[in-house]
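The task is simple: from the sequences and hints, build the whole structure.
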Amino acid sequence: MTKSPGRRVSAGVALAACMALAACTTPQPAAPSASGEATKGTTTADIKFWDPYPQRTDGSDWDKLVKACAPQGSTITRTSAPQSDLFNQLTTAVKEGNAPDIVVLDNPMMPEAVSSGLVATAKQANIDTTGVDANLMGPGIVNGEAYGVPFGSNALGLYYNEDLLKKAGVDPASITSWDALNAAIGKVAASGGKGITFSGVTGEEGVFQFLPWFWGAGANLNDVSSDQSVSAGQLISDWIGKGWAPKSAVTDNQSAAWDLFLTGKYGFAENGSWFASAAAQAKFKIGVLAIPSKAGGVAPVPTGGEFAVAPVQAKDADNHYANAAAVIKCLTDGDAALKTNETLGYLSAKPDVRAAQVKSNPVWQPWVKSVEGAQGRTTELGAKYVEVSSQLSEAIQGALNAAGDATAVKSAFATAAGK
Amino acid sequence: MTTPVSSAATGHSPSAVTQRPRRRRSTRWVAIAFVAPLLVYLVVFYAYPLIENVTMSLHRFDRGSFVRGGAPFVGLDIYREVVSDPRFWRVVSQTATFTVVSILFQYVIGLALAVFFHGGQFRLSAALRGMFLVPWLLPVIVSGTVWQWMMNPDSGVINSFLGVFGIDPVWWLNADNALMSVTIANIWLGIPFNLVILYSGLQNIPTDLYEASSLDGASPWQQFWRITMPLLRPVSVITVLLGLVYTLKVVDIIWIMTTGAGSSQTLATWSYGMAFGKGASTVIRYSQASAVGTILLLVALAFGVVYLVMQRRRED
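Chains A and B, in that order, are what the protein sequence lines are. Position one of the first sequence corresponds to residue 1 (our numbering), numbered consecutively onward. Position one of the second sequence corresponds to residue 1 (our numbering), numbered consecutively onward.
Check each hint, because a few of them may be wrong.
Claimed, not checked - What the simulated footprint calls covered on chain A by chain B, stretch by stretch (three residues with Cβ under 8 Å from a Cβ of chain B suffice, anywhere in the stretch; the number is not a length):
hint, segment
1, 86 to 94
2, 115 to 128
3, 199 to 210
4, 317 to 326
5, 385 to 398
Everything labelled a hint here was simulated from the structure, so no lab data went into it. Since the model is a prediction, treat every value here as computed from it, not as a measurement. For glycine and all other residues, C-beta sits at the position ideal for the given N, C-alpha and C.
Next comes the structure, spelled out in structure tokens:
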């Protein structure tokens, strides 16, 4: 059999490939324009709304709330994807000039989104940011300019199983430092229970859970391998080493860690305020504490929650921003803020709305202090935070794997920091 | 059918001469029209993404320059950085271990099962063979999650099972053991593919060879090494080479079980994590991911060439 026809075809393909190469090295499409004013535009018939809540399906309360915010004559199409996917999709959409009208973006992604030119200013999109707490607004302020608005917030706390603590003879009020916490976990373990669940999974989620211990030890994001930082790593590493925390913490996300706590076998769980309502309905009594710092007192927790932003538009920017302005106003203005936050299980980013939430729903009481004392992850480092977060993630994995071995924990942090 | 042909051939002989070039030109256009969809398909779905990938690895992209354009051309700098990254050679050796060990066990177990099912047609043998295909039919998200759950260090069934024999619980998915664990899961996943192909290969070996050899007094062991293995060689080569290419690019099972943490990081998961800012790498690294992707592609291509060379040698 002869092979020449096959060769000729492949030569043709190669030629076509070269032509494609020539085509793809032609100038990039023009950069999306950052101009546009919501006040000069009018709302349009189709409004695209993206959020990172795929668990809130069509017909859920959140879905209904968003869609009810469509201005007269408009319909809202809602699309959901997990945080990092949503950010990547937004990146591509802005590049291609077909960005949605509104995106709900996780707060530590804000500085990078702004520096990459994905987000319009709050002024352009006519978004009202007055009355929002400074610590929660922090991630959305770049070079003194505000981008988007955080409509709600969540925080991390220390849930505990009241029955197990009572059985072990632990007074929750005594847990105000790491030593006191370790003593309490030790007592729970000695009385036949298990210790504590948390998420140590790779990526931002595990880092988010580590930061209260990191900051509570007095560590600083500018120095990942400091002694304080290592001591926080040692704390969680010891929990694994002593068998107080499940080894699956290295792969558990926050939902998996919460499910483990709901088995009723664990004394404590580090988890978020978004589980507060679920905790109130659990089969056993669940209390909640502020996360203690190393030396004593309350540790700063990272601010959680998302920003509603208007992405940069290549065409018809005025109208798209007008859409964003209308929908965001409908979700955050006045009484709507309370409804939005209660629907999401968040605490409002505005103190007056928070007070109203606490008044009507007592599960929020223990969380207010944590939210008010929370620290923005990117406030210190801006867009550089993601780099540090990657290093921390590596260090956390190393520390958990060390299972208490102090030398290994120390070297995990040093390696992650590139030292 | 015959009339138009005969009328064209006999009726207009003078004009037929002048028509011939036109007809040839039109058949050429027809030929091009037939090839065009394939060409367009190849260019749009193969050549273009491939070239974009290589282009990306030669420019320094970040999220901003990805959106706005204007990423600076840096030649082979990204490749130099990737190769000199302390992680690179570790990841390469992990990838090699994962691939070689996976293929070895998949092939040996697949072959053993194929020979077993080929040897005797007992009752339920078809049903049993069907059951061995289950790993292939299940979505990897399901089997990956189940493996992760079975390998849970504190409450997983595998450790409970080992405990029956007095073996200490193993922390399957920690940094050191992760590679072994994902390899075990991947072997399980790849057995059906090997079983199916090798089984069909066995069916093509003439049975009279076995009959003749048994008349000559060959033992089953001799039959296997002297008849089955040599005659199965072409099929074995295809199976192993396809397996190599498949295994090199495995992301799903590893990602679901460990997100590429610890020793389970391979070139494919590393590239995936960097390309989408996932796993430990929260930072998106378009260029580095493309560079690793290109390296992976070159390795796969090398195996493809080996395959073609072997095929050609066999044909000659």
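Just pull the numbers of the violated hints for me, sorted ascending. 4
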